[in-house]
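Participant: Protein chains in written order, with my numbering: chain A, 44 to 457; chain B, 757 to 1096; chain C, 23 to 311.
Hints should not be assumed to be uniformly reliable.
From chain C, some residues computed to sit far from chain A (all C-beta separations above 12 Å) [what the hints assert, rightly or not]: (1) Ala42; (2) Ala43; (3) Leu53; (4) Asp87; (5) Ala144; (6) Lys201.
The following label-pair restraints were derived from C-beta to C-beta distances [claimed, not checked]: (7) B:Leu1076 / A:Leu384: 56 to 62 Å; (8) A:Asn251 / C:Lys139: 56 to 62 Å; (9) B:Trp852 / A:Asp438: 20 to 26 Å; (10) B:Leu1076 / C:Leu168: 28 to 34 Å; (11) C:Thr49 / B:Ala937: 18 to 24 Å.
I should point out that these hints are in silico values taken from the structure, not numbers from a laboratory.
Just so it is clear, CB atoms sit at the ideal spot from N, CA and C, and this is done for glycine as well.
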Amino acid sequence: MNLKMLTLSSAIIFGLASTANAADADIRFDGFPDFDSSLKVLLPDFEKKTGIKVDYLMNNHGDHHTKLTTNLATGSGAGDVIVVDVEKIGPFVASGGLVNLSEKYGVDKYQDRFAAYAWAQGKGADGGMYGIPVDLGPGVMYYRTDIFEKEGVKVDAAITDWDAYIALGKKLKKDNIFLIASAADVAQAIIFTTVPEGEGLYFDKEGNSVVTSERFVKAFTVAKTIRDNGLDARITAWSNEWYEGFRNGTFATQLSGAWLLGHLKNWIAPDTSGSWAVSNLPDGIYGSWGGSFLSIPKQSKNPDQAWALIEYMTTNPDSQLTAFATIAAFPSNITTYDDALFDQPIEFLGGQKARQVFAEVAKNIKPVQPGKGDHVARSIILENALMQVLDEGKDIKEALAEAERLIKRRTRNM
Amino acid sequence: MPDGTSILEGVKMSTTLQSSTTEIEKESKPGFNWQSLSPYGFLLPFLIIFSVFGIFPLLFSVFLSFHQWNPVEGLSAMSYVGTENYYIALTDPWLWRSLKNTFWLAITSGVAQHLVAIPVAYVLVSMSDRLRHWLTSAYFLPFITSTVAASLIFFNMYSPNSGIINQALIALADSSYLGWAFGWVNDYQPIRWLENADMLKPSIAFMVFWKYTGFNIVLYTTGLMTIPKEILEAARMDGANAFHRFWHISLPMIRPFVFFAITMTIIGNLQLFEEPFVLTRGSGGTGQAGLTISMYLYKVGWEWLEMGTASAISWLLFALIAFFTSIQFIFFGKKGLQGH
Amino acid sequence: MKTLAFLKPSQEVTTFLTKAAMVLLATVLILSAILTVFPFIWSAILSTRDRSEIFSTTISFALGDSLAINYQRLLEIMPFWQAMFNSIYVAFVGTTISLLFCSMGGYAFAVFKFKGKSFLFAMLVGSMMIPPVLSLIPYFLIVQFLGLLDNHIAVWLPFTTTPFGIFLIRQHVVSSIPKELLEAAKLDGAGEFRTYWSVVLPLMKPALATLAIVQFVFFWNMFMQPLVVLNSPDQYVITQALRSVQGIPNTPWGSVMLGTTISLLPILITYVCASKQMISGLTSGAVKG
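Throw the hints in and build the complete structure from the sequences for me.
Facilitator: Laid out in structure tokens, this is it:
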């Protein structure tokens, strides 16, 4: 064994190998894919206009937030502009580690340009803005027009309320078609979209948990009815069977965000082009699936340049439209909605002008105040309590009561 | 380059320290004996690196376990809460559930790994060099395959309607030869390997088994190769069959390796994280059936942003691993740590 | 061995049975080897397919025809070869230094008696028991304090004195290196370091080879630490580069699988080299019991 040689040569190598890397960019943008694709298009124009050079660092969604957590914890290492996903926006806004954009850059003047609910999500408890919405995920129902036609069902009749929706499922079941991939989606839709005035998703204004309220009971009950009647295919989202389901028409509807369209068209089920359409969510609700925000960490040494980039990416309709065109990031900036792009018929959806549906949804979603413990409650309710009710037949009230106890313990210090 | 020089210094120190010695006795004698420093010379790299990179995280984590800290609020946001974190952790139903899961997974996959790895290694050693080489390489592959690639494949295999496992089971049940033995399986189809709380743990254990058995085989092969051929040859001349040679000669002689491998499995399996995380997509599965302690403390610390409680859980886990490892040391350590 | 006496009459039968069992065993072993290799082959097959072919539920071993496109896209979405180079550098240097440090440490624990030995050994084993997910933040703080952010040294140096390695070497030395040999070396006038370097080290080959693979795999697959300390894309190691493009919805999976498959090759090569060393440890037969 040439251990001696190895030791020697590696000693030389690590002596010589260059280490520190001086970046020549002015600011850095930390995000997750596909932000890089839209930055590639946007940045040359931004640099031409402002002379600011931007470098970007992409990590996958989960890793990006782990890294951000470390950066905020230690007060260093974060980019000048960071992307925060809506799932994490609650704790990040409340962290005290982000720049108050209202105070420093007077962003409140832009409020009217953005979808009201998304604006509210970026707002801290002190009323200052800490994250500017950069894209949205207006929620819609995707459905198979061919199946609906064959069954002789009008979509408007099927979405009047949940009973109608379930009735449709029973009808489909006779032909061995499932209503939806997973009943969990329905519960999530109801929880997210029927928040009473003055309440947050999981907490009221005083920070008390509301997960045992009527809204959650209803969400769980509807989902359980669907499951118990065998109307859902029990397929996990983002699994191979899910993709296959879209291709083969295993299920007739899917509740999801506007962004799903791009995936269906590009790779999940390109061959089914023309047999899909979108509608509002059942029961007249408006809700969103996902969305992201741009923020500046306090540790940034170039907050002014960072703000220039955020301003450019969000308040400027052209860049919002560019991002929409390149990566199908649905604009958070509502002034873009009268652009010609929104009138285009979408071939995949049989020529439907679906973007107008998305835009209408985005404008109608009611603002919900983010809570500090939303991320905890979300994982306890959606990943655990709901699964226990659906998969293990646990009693709904009992599951919710247990979830509430857990949430209270977990958020005791918030 | 502090690191480069530290190596060289360590090397130099240990060379200069023992020049001109003919002593065999290594214990210190009256008067100052430079010789007595040489073990520390050999341990210098470990001591330096451990004190720089090891001790601080340790202290940090002890400190943290008595504080409440949301990491995104920065270092200054820590506030002292006494033993509340430990109390909260110990009275947490999820912690006990995850503890049970961890034990189940650790024992099932761990025992299976060693029961398979030792005999297989023994058989491999008696094979021709080339065959052994190819086989150990094959068994070792799972250990180096990236978790991402592996999880894609396992997801596919476990998928309820189209996965290869259920397909195979259905084929077996429907076949005319084996139908009598497997027919009952059809009553349970489609088996939801990853969604059904009862099936989830075996599914995870299988992936762990798949991934680490080969590693243990390699470890045991290395151990078995240290046994001088002459001894085995002599036993064979005496008429000992393969099983006897294995049981009475090989196994006792690789005891330090068995001890080592089992210690590693205890420590590694009680910290099981990646496989259940990937297979349950980080959620822990239905009814937390696949939630291990490591996953739980990750969730508490990094997703729920309660680093203090997570630290307390990590010390509870530490105590647990230390307990089982010391049992192993007490019962097998005497023989396991000694040579022959 | 007493039991053997009465076995003798039927020795022929025993030999035959043993042989038959060996053949059966070999078949089982080869079959299971094929099964364990399957996922690896599968990722190679997937790397020739496009995204919708990858996510199909039918199992087919046919190669796709998207290899060239996947490769092109791979180079587009990440500095693939730069990251490969970085990983090779980190893994190579880290492994080599680990071999040196761990063999020194393991040797010390195996042959010397010294003050604090039990304490140090307990600490060594104990430090393995601390769950690594939580040390990320303090690790970052130290790296920052040492000024090693965005520097590869921060990624390999802290892990070169792994308890696993020191423990493994220790066990190997006690089990296979006779005390007489060390004493003989002393009598020949060899110093402590010389004894270790010229007498013991060559005998450690099989264990060093095992350690080399384990460390190489560790450095190669390590992910969390590079994620938090390496901040510029051209410093990225390969795991980081491959993971950075994986958002569940938007991942160009064909390219990722291609990258993953290619990135396994250096580990395979290391394994093949190291496993030759294990064999040479056997055949050189330096250990005379």
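Participant: Take the hints in turn and mark each one as holding or not.
Facilitator: Each hint tested on the structure:
With a least beta-carbon separation of about 39 Å from chain A, alanine 42 (chain C) lies farther than 12 Å from that chain, consistent with its non-interface assignment. Remark: the non-interface label on alanine 43 (chain C) is consistent with the geometry, its nearest Cβ contact in chain A lying 36 Å away (cut-off 12 Å). Distance check on leucine 53 (chain C): its Cβ is at least 26 Å (rounded) from any Cβ of chain A, clearing the 12 Å threshold; non-interface status holds. The claim that aspartate 87 (chain C) lies off the interface holds: its Cβ sits roughly 16 Å from the closest Cβ of chain A, which is beyond the 12 Å cut-off.
A cut-off of 12 Å between C-beta atoms confirms that alanine 144 (chain C) is not in contact with chain A; the least separation is 29 Å. Every beta carbon of chain A lies more than 12 Å from that of lysine 201 (chain C), the smallest distance being close to 23 Å; the non-interface claim holds. One distance hint, 56 to 62 Å for the beta-carbon pair leucine 1076 (chain B) and leucine 384 (chain A), holds here, with the actual separation near 58 Å. Look at asparagine 251 (chain A) against lysine 139 (chain C): about 57 Å separates their beta carbons, and that is inside 56 to 62 Å.
Between tryptophan 852 (chain B) and aspartate 438 (chain A) the Cβ separation comes to about 21 Å, which falls inside the hinted range of 20 to 26 Å. A hinted range of 28 to 34 Å holds for the C-beta pair leucine 1076 (chain B) and leucine 168 (chain C), which are about 33 Å apart. At about 22 Å, the beta-carbon gap between threonine 49 (chain C) and alanine 937 (chain B) stays in the expected band of 18 to 24 Å.
In summary, this structure violates none of the numbered hints.
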